[in-house]
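**Student:** The primary structure of each chain is shown beneath.
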Amino acid sequence: MIYDVSAVALAVFAAFVGLTLAISFYFGSRAKSSAGYFAAHGQIPWFVNGVAFAGDYLSAASFLGICGMIAFYGYDGFLYSIGYLAGWVVALLVVAEPMKRLGKFTFADALNARFQSRGIKIVAGVSTLVVSVFYLIPQMVGAGVLVQPLLNLPHWAGVVMVGAVVILIVVTAGMVSTTWVQFLKGALLVVFSLVLTVLVLNRGFSVQPGGVDGYLFREIALPNDGVDEPLLAPPVARVPGLPNETVVPAEGGWVGKPFVRTRDDATGRISVWRVREIGDGERLLSEAQSVTSTAGGETLIGGLPRGVGDGQATLHPVGQIVALPGGEDATGPVGPLEFFRTLGQSDVVLWRSEKIAEPDGGVTTVYYSDRVEGSRVLRPGEHPAFSGIRSGSLLDRVNFISLMLALFGGTASLPHILIRYYTVKDEAAARKSTIVGIACIGFFYVLTLYMGLGAMTSGALDPTDSNMAAPLLAKSIDETLFAMISAIAFTTVLGTVSGLILASAGAVTHDLIDSFRAEPLDDERKVLAAKGASVVVGVVAIVLGILFQGINVSYLVGWAFSVAASANLPALVLLLFWPRVTKQGIVAGVLVGMLSSLTWILLSADTFAKVYGLSAEDALAPFSQPGLVTIPLGFLTTAAVSLLTKPPEPLSHAGASEPVASS
Amino acid sequence: MASHNARLGLRLFTVYVVFYAAYVLTSAFAPAAMDVTPLAGVSLAIWSGAGLIVLALVLAGLYGAMAKDSVSEGVDA
Chain A
1 MIYDVSAVAL AVFAAFVGLT LAISFYFGSR AKSSAGYFAA HGQIPWFVNG VAFAGDYLSA
61 ASFLGICGMI AFYGYDGFLY SIGYLAGWVV ALLVVAEPMK RLGKFTFADA LNARFQSRGI
121 KIVAGVSTLV VSVFYLIPQM VGAGVLVQPL LNLPHWAGVV MVGAVVILIV VTAGMVSTTW
181 VQFLKGALLV VFSLVLTVLV LNRGFSVQPG GVDGYLFREI ALPNDGVDEP LLAPPVARVP
241 GLPNETVVPA EGGWVGKPFV RTRDDATGRI SVWRVREIGD GERLLSEAQS VTSTAGGETL
301 IGGLPRGVGD GQATLHPVGQ IVALPGGEDA TGPVGPLEFF RTLGQSDVVL WRSEKIAEPD
361 GGVTTVYYSD RVEGSRVLRP GEHPAFSGIR SGSLLDRVNF ISLMLALFGG TASLPHILIR
421 YYTVKDEAAA RKSTIVGIAC IGFFYVLTLY MGLGAMTSGA LDPTDSNMAA PLLAKSIDET
481 LFAMISAIAF TTVLGTVSGL ILASAGAVTH DLIDSFRAEP LDDERKVLAA KGASVVVGVV
541 AIVLGILFQG INVSYLVGWA FSVAASANLP ALVLLLFWPR VTKQGIVAGV LVGMLSSLTW
601 ILLSADTFAK VYGLSAEDAL APFSQPGLVT IPLGFLTTAA VSLLTKPPEP LSHAGASEPV
661 ASS
Chain B
664 MASHNARLGL RLFTVYVVFY AAYVLTSAFA PAAMDVTPLA GVSLAIWSGA GLIVLALVLA
724 GLYGAMAKDS VSEGVDA
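These protein sequences, in sequence, are chains A and B. Okay, so the first sequence: first residue is 1 according to our numbering, each after it adds one. Okay, so the second sequence: first residue is 664 according to our numbering, each after it adds one.
Hints were generated in silico from the structure; no laboratory data involved. All C-beta atoms, glycine included, are put in the ideal place defined by N, C-alpha and C. Each hint should be verified, as a subset may be incorrect.
Stated by the list, open to error - Residues from chain B shown here face chain A by an in silico Cβ test under 7 Å; the list is partial:
#1 676
#2 677
#3 732
Unchecked claim - Mimicking SDA-like on lysine to any residue, the simulated pairs with C-alpha atoms at most 20 Å apart in a straight line are:
#4 A:646 to A:113
#5 A:355 to A:576
#6 A:425 to B:731
#7 A:355 to A:425
#8 B:731 to A:464
#9 A:610 to A:388
#10 B:731 to A:576
#11 A:257 to A:212
#12 A:646 to A:118
#13 B:731 to A:45
#14 A:257 to A:391
#15 A:257 to A:293
#16 A:610 to A:155
#17 A:610 to A:357
#18 B:731 to A:367
#19 A:610 to A:293
#20 B:731 to B:721
#21 A:425 to B:727
#22 A:531 to A:45
#23 A:257 to A:281
#24 B:731 to A:281
#25 A:425 to B:732
#26 B:731 to B:682
#27 A:355 to A:481
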């Protein structure tokens with residue numbers, strides 16, 4: 001789609017980003033030592049740290065990804081909300097206080113507290129890096145998504161902007177400024193999501209003939225006696241009801257598909273129609289939309305160049321309610337429960353897509369409408385990844401359980417969340433800040449359902465990109481609100497990326513470089529090395545963010561969680577609750593968990609189809625989400641290797657080396 | 664006090680795991696059960712999903728109220 005750039009939106013956006021940078025520079029000038037750079041001297045108040053948890057966590061994945069997935073598939077996106085929040089229960093009840101007690105700067109510190117082993121530091125450092133980079137990809141993709149409707153810039157420009165600004169923030173500042181920036185944005189994001197939800201409820205539902213641009217998609221019913229032979233093969237020259245359009249013969253990937261194309265004799269515009277039997281030999285042609293990437297690298301919309309001028313075309317926004325209960329036209333304001341009740345009894349139009357190979361080497365993506373009962377979007381199983389739970393496929397059910405397990409265990413193993421325990425002064429503060437974090441995050445996740453379903457029925461969706469749903473919902477309500485929400489989301493991406501890069505930089509300098517040197521780096525050089533590492537990680541993130549455009553960011557985050565839960569969780573939990581664990585066990589467990597989950601993801605059907613562009617059937621992993629196999633594998637490996645190696649020395653009396661569950 | 668908090672945490676954690684597992688297994692193996700509308704015309708899927716979020720908040724609150732602070736506060740532990 002093509003977006004207008006509004007001056008108000010630009011001004012609000014620039015003000016937010018400017019404020020963020022100002023905060024960073026102000027606090028950055030006060031953090032010189034490595035304790036200040038990595039852990040804010042442990043002096044952040046617990047309430048601020050708690051909201052900053054929400055700021056760290058409610059990133060692109062939650063706001064853009066979950067809302068987008070709900071807007072396109074309904075309830076299935078909410079599964080991520082539930083899983084992400086469940087992870088916080090693990091973080092609070094199992095991990096928070098011991099993490100604070102055992103560590104100093106990094107996750108590796110905590111794992112290594114009992115052993116002083118170089119091996120543990122190295123594998124934990126590497127696993128921190130891997131998880132952080134995986135988690136960075138969706139953030140960068142999200143950044144690219146945000147600048148498109150706001151500034152009408154291409155995806156890559158947004159990614160580069162975020163990358164550059166974040167590198168600037170991290171290099172000049174460190175954990176103090178990152179924390180305050182996250183506090184501000186965590187709070188703003190929750191407040192503005194509430195505002196957006198109230199506006200969605202206040203607007204209620206209304207039956208709309210088309211999207212917000214007023215375009216009406218055409219439908220043509222072909223009676224049984226109209227065309228005797230099948231419409232698709234052999235081709236007919238004309239479709240009744242379209243006097244000025246000629247049917248384009250099906251070639252290449254079009255053969256055998258339920259689509260027919262017609263070319264307007266005057267403009268040359270190609271319309272794609274989805275053909276469906278509607279009983280008794282009668283067929284319905286529904287107008288779809290198409291985007292073609294030609295072999296020569298051009299992008300065509302409906303066969304024409306992208307644009308709004310003569311001889312150009314652009315995609316129309318979509319997503320609306322086509323029937324309300326009782327034949328009403330509009331509901332007026334609805335209550336929070338009435339919202340679900342009404343939607344459940346309505347009919348909505350969702351948009352699906354299918355890729356078709358052109359004979360000349362190009363690829364056309366057809367976006368077509370699908371009218372469904374509202375009750376279908378209020379239950380799990382509409383997303384293709386989850387639909388198997390309704391068809392009875394055992395592997396799909398296992399895949400679903402595997403994802404929910406990874407989300408459950410992943411949060412408490414994310415390095416950039418774990419390092420936030422070092423910014424507060426003691427265990428009580430770690431606990432209290434986690435509770436504040438859970439309150440903010442849980443409240444926000446309830447709102448995602450309203451925002452996502454509101455976007456689904458807003459008529460403003462971009463059919464090509466689910467990540468854009470929440471900002472476009474805001475845009476359909478009010479331009480200024482849209483600017484605020486986009487700016488908050490954008491700066492939240494900035495903050496989350498800063499946190500991740502800091503976690504990576506900490507891992508590189510504190511865990512890896514120190515491990516390979518006889519003497520640890522002195523304080524000043526450590527901070528310098530960390531800044532250098534930040535630049536490198538930032539550049540890597542920019543490149544990956546450009547490569548992964550268009551994949552739902554929440555989906556990508558699911559992978560990061562799988563790797564984190566498989567690599568870090570077994571070692572962490574066994575260290576805390578099993579005195580017999582050895583350093584060899586921890587090293588082996590982290591390595592096996594990390595490598596097995598990574599390998600599984602790279603061999604999965606989703607990666608084959610979405611990243612490599614290969615056929616999903618060729619994938620080697622039996623289902624896409626590795627967690628159900630690789631998390632237990634991590635636990636087994638840690639336990640088995642620990643039992644096969646010499647038990648650790650009897651526990652000393654020092655508090656730091658005592659497991660919490662000493663009986 | 665660390666072990667008091669750890670035991671308390673594990674107990675509350677177990678409560679949550681039971682509900683979370685019930686939710687995930689019901690969704691996976693009996694998705695039709697999620698379609699029923701037990702209350703106010705809203706589906707069980709919505710009630711149970713939002714319920715899990717509220718349960719997390721309640722357990723977090725309980726933990727916060729019942730956990731004890733370290734006696735050696737202020738000393739490097």
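**Student:** Any hints from earlier that this structure breaks? Give me their numbers in increasing order, please.
**Tutor:** 2, 5, 7, 8, 11, 14, 18, 22, 24, 26 and 27
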